[in-house]
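Model the full structure from these sequences, guided by the hints.
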Amino acid sequence: DKIVRIRRVHLEEDTAKLIHGENATLIDFNRSGVPLVEIVTEPDFTSTEQVKEYLQKLQQIIRYLGISDADMEKGQMRCEPTVNLECEKAGEQEGEMVYTPLVEIKNINSFKFAQKAIDYEIQRQLEEFEKTGQEKQSGNKTTRGWDEVKQ
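Residue numbers for the sequence shown follow the UniProt record's numbering, so the first one is 1 and each next one is one higher.
None of these hints come from the bench; they were simulated from the model.
These numbers come from a predicted model, not from an experiment.
It is possible that part of the hints are untrue.
What the hints assert, rightly or not - The list that follows gives simulated cross-link-like pairs (lysine to any residue, SDA-like), each with its CA atoms no further than 20 Å apart:
#1 Lys52 with Gly145
#2 Lys57 with Gly75
#3 Lys136 with Gly91
#4 Lys106 with Met72
#5 Lys106 with Lys141
#6 Lys57 with Arg5
#7 Lys106 with Pro43
Right, dumping it as structure tokens:
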């Protein structure tokens, strides 16, 4: 069994939902003020299968405790993974290990899409690192939206 360490758990308030159209972005305030719990883990995952299993187990616990139905398709449970890779430098510094920039992925509404989004981001970061060699900078995190239709 995989051990996943929890860094912190805290309460937040939902703000709104963005609805992106071709020419405009609309804001739906129906979820505004709804309380939510954010669980932040340590970077203990080494595969997307582990992430999926963790999310399924978490959903099972939340349902068993009667906290929520935790239905991802209804927005009752969300996953916003932060992804970066440990890569080996090339050239004169060959053998030195560095990390790629952090990327948080939003708009994931199923276990299947969580896996697909993380796989996509891993490949994108690997290709970007091979082209540019860009490393993680302190406090530097990018947010990307996942669109299952486009990707």
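Hints, one by one, checked against the model:
1. Lys52 with Gly145: Holds. Lys52 to Gly145 sits at ~19 Å (cutoff 20 Å).
2. Lys57 with Gly75: Distance of about 17 Å is within 20 Å: holds.
3. Lys136 with Gly91: Measuring from Cα to Cα gives roughly 19 Å; hence the hint holds.
4. Lys106 with Met72: holds (13 Å)
5. Lys106 with Lys141: Distance of about 13 Å is within 20 Å: holds.
6. Lys57 with Arg5: holds (14 Å)
7. Lys106 with Pro43: At roughly 17 Å apart (the allowed maximum being 20 Å), Pro43 and Lys106 satisfy the hint.
Checked against the numbered hints above, the structure breaks none of them.
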